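Protein chains: 2
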Amino acid sequence: MAVYTEVSDEVLRAFLADYALGGLLAFRGIAEGVENSNYALRTAAGDFILTLYEKRVDPAELPYFLGLMDHLAARGLACPTPVAGRDGQALRRLAGRPAAICTFLEGVWPRRVRPEHLAPLGQALARLHLAGEGFAMRRPNALGPRGWAPLLDGCRARGDEVLPGLVAELDGHLAAILSAWPEAGALPEGQIHADLFPDNVFFLPDAEGRPRVSGLIDFYFACTDLLAYDVAVCLNAWCFEPDGAFNVTKARAMLGAYAALRPLSGAERAALPVLCRGAAIRFLLTRLYDWTHTPPGALVTRKDPLEYLRKLRFFAGAATPGAIGA
Amino acid sequence: MAVYTEVSDEVLRAFLADYALGGLLAFRGIAEGVENSNYALRTAAGDFILTLYEKRVDPAELPYFLGLMDHLAARGLACPTPVAGRDGQALRRLAGRPAAICTFLEGVWPRRVRPEHLAPLGQALARLHLAGEGFAMRRPNALGPRGWAPLLDGCRARGDEVLPGLVAELDGHLAAILSAWPEAGALPEGQIHADLFPDNVFFLPDAEGRPRVSGLIDFYFACTDLLAYDVAVCLNAWCFEPDGAFNVTKARAMLGAYAALRPLSGAERAALPVLCRGAAIRFLLTRLYDWTHTPPGALVTRKDPLEYLRKLRFFAGAATPGAIGA
Numbered sequence: 001m002a003v004y005t006e007v008s009d010e011v012l013r014a015f016l017a018d019y020a021l022g023g024l025l026a027f028r029g030i031a032e033g034v035e036n037s038n039y040a041l042r043t044a045a046g047d048f049i050l051t052l053y054e055k056r057v058d059p060a061e062l063p064y065f066l067g068l069m070d071h072l073a074a075r076g077l078a079c080p081t082p083v084a085g086r087d088g089q090a091l092r093r094l095a096g097r098p099a100a101i102c103t104f105l106e107g108v109w110p111r112r113v114r115p116e117h118l119a120p121l122g123q124a125l126a127r128l129h130l131a132g133e134g135f136a137m138r139r140p141n142a143l144g145p146r147g148w149a150p151l152l153d154g155c156r157a158r159g160d161e162v163l164p165g166l167v168a169e170l171d172g173h174l175a176a177i178l179s180a181w182p183e184a185g186a187l188p189e190g191q192i193h194a195d196l197f198p199d200n201v202f203f204l205p206d207a208e209g210r211p212r213v214s215g216l217i218d219f220y221f222a223c224t225d226l227l228a229y230d231v232a233v234c235l236n237a238w239c240f241e242p243d244g245a246f247n248v249t250k251a252r253a254m255l256g257a258y259a260a261l262r263p264l265s266g267a268e269r270a271a272l273p274v275l276c277r278g279a280a281i282r283f284l285l286t287r288l289y290d291w292t293h294t295p296p297g298a299l300v301t302r303k304d305p306l307e308y309l310r311k312l313r314f315f316a317g318a319a320t321p322g323a324i325g326a
Numbered sequence: 327m328a329v330y331t332e333v334s335d336e337v338l339r340a341f342l343a344d345y346a347l348g349g350l351l352a353f354r355g356i357a358e359g360v361e362n363s364n365y366a367l368r369t370a371a372g373d374f375i376l377t378l379y380e381k382r383v384d385p386a387e388l389p390y391f392l393g394l395m396d397h398l399a400a401r402g403l404a405c406p407t408p409v410a411g412r413d414g415q416a417l418r419r420l421a422g423r424p425a426a427i428c429t430f431l432e433g434v435w436p437r438r439v440r441p442e443h444l445a446p447l448g449q450a451l452a453r454l455h456l457a458g459e460g461f462a463m464r465r466p467n468a469l470g471p472r473g474w475a476p477l478l479d480g481c482r483a484r485g486d487e488v489l490p491g492l493v494a495e496l497d498g499h500l501a502a503i504l505s506a507w508p509e510a511g512a513l514p515e516g517q518i519h520a521d522l523f524p525d526n527v528f529f530l531p532d533a534e535g536r537p538r539v540s541g542l543i544d545f546y547f548a549c550t551d552l553l554a555y556d557v558a559v560c561l562n563a564w565c566f567e568p569d570g571a572f573n574v575t576k577a578r579a580m581l582g583a584y585a586a587l588r589p590l591s592g593a594e595r596a597a598l599p600v601l602c603r604g605a606a607i608r609f610l611l612t613r614l615y616d617w618t619h620t621p622p623g624a625l626v627t628r629k630d631p632l633e634y635l636r637k638l639r640f641f642a643g644a645a646t647p648g649a650i651g652a
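Residue numbers (our numbering), protein chains in the order written: chain Z, 1 to 326; chain G, 327 to 652.
None of these hints come from the bench; they were simulated from the model.
One or more hints might be untrue.
Below 27 Å or equal to it, Euclidean Cα-Cα: the simulated BS3-like pairs (lysine-lysine) are [said to hold, decoys possible]:
(1) G:K629 with G:K381
(2) G:K629 with Z:K55
(3) Z:K303 with Z:K55
(4) G:K381 with Z:K303
Note that this is a predicted model, so its numbers are computed, not measured.
Using the sequences and the hints, build the whole thing.
Here's what the structure looks like:
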């Protein structure tokens, strides 16, 4: 739940004067997105999303994020498109923070994932990976394998308060994951979303009422990394039922639709189990870090790290690609 | 900041099937409004606000609130208009809660109140009072004079933690306010908004760039009470500067524009000082109650009760209507 920075209407009008979007017609904070302040903005030119980048986003990385969205949109992917001001710049400042206006996407994210969401998701993910080709900038994955040991170290003092023995268990998992991780260059790399959870994928029904993806949003974890790692993130985020069971039917639907557009190599399929363990420990560690570093009274909804411990344990036990649908 | 109840897209689609609004196109939580869950909803028929009424709203009072909005909108006031389902009913249930869809209003509420907002505000308030005539339902003001002593009693145990001596000072103010309060029938009554703070008033610039009111929202404190009390609420909510100083120019602009449409009687003008003290103690007491009854870790932004102590002291010292612009 967001909106950390309050923007006065006068300051907003002055900001909008630098765009060719016409007059301000409506402006409301959006209660979604965790990292930034997001506003639904309506001007004479239509509907937009105004984002103010809060302190967890490094301003130096914004040209990568905005450039990637621009590149993807230009190649036909439905994603927020940065809107440039009259001077051609999309990245600007507002109320003391970096800020950008992007196009508004219609669609609704699935609060409950159904099997029929998975094939459209797989297609959209493959299209994202193909559309990312040719984008010239690189951003290392700060939350990739090299980031996990420091994150775990940061949780060492208080991690066992969440679950006795947790830190030792994670030490074991992390060592196993890092030793099995694909060598550099062994798998195809590209621009990945890295956080393609259900709340970042909008759907609308097609003429027959079946869900189709109307847009992908929130590219602020995007980076340059193994394409198959993005698939592994989706297997984590989309293929478990509320009771914790892995739904292999969902996984197969997602992987099949993905591979129909961008075939997975044998090496990528073979690596998926360890990539899934990596994705599970990545979300587990950031949640655990937030859990152990957030004062109990803070105005932030803390996400349960143990949800990802259960997923990590599942993937650690699922030794074969077949067990996870690959 | 709101959105307490999460609505799944399937449940929402089933809910929308009871309306003639066409298919769902977008659905996002709004980070404004304190009491209820609000969503920006787009369907083939346009933009709407979906509200789920949370536990602080008594379901038995919803027919009054929705009926009043309907009545006001039918008489030309720009306010959210409840949208009826196919069966003619606007008040429905969704996700286990009472819920209603209302029309979307364009406009932006003023984060910083400027003098030129006040005349349009006064006009809009007078129009609201005139449009409310003929509405057949009554709702007593639960947060009116008879509610203040019980509220203060609820703060007695911990009120002095906010400021030493506060409870005794409020006992004195409250006794003085209640003894000076207008007799029943002495002043005109009608339907009042009772919470017309800046975030409930949307503005858009007119052709010359001057602010005009595009809509009034959030009628969930509306009730049947002294019309001049609503004026007193606005004097509290709109006419103090951030440094605590009362801006009599703003007050005069608001009162003049109000009276041009609905003249204030001599008795109403004479009563304004005590009505302002009443409005100040009303917001002071609810804030103090929330402050002393909210656990420090709760996901709620507590508003400062002492802001209204300063206003109460100002009005207690401003003995004459002239001192407050009347």
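* Which earlier hints can't be squared with this structure? -> none
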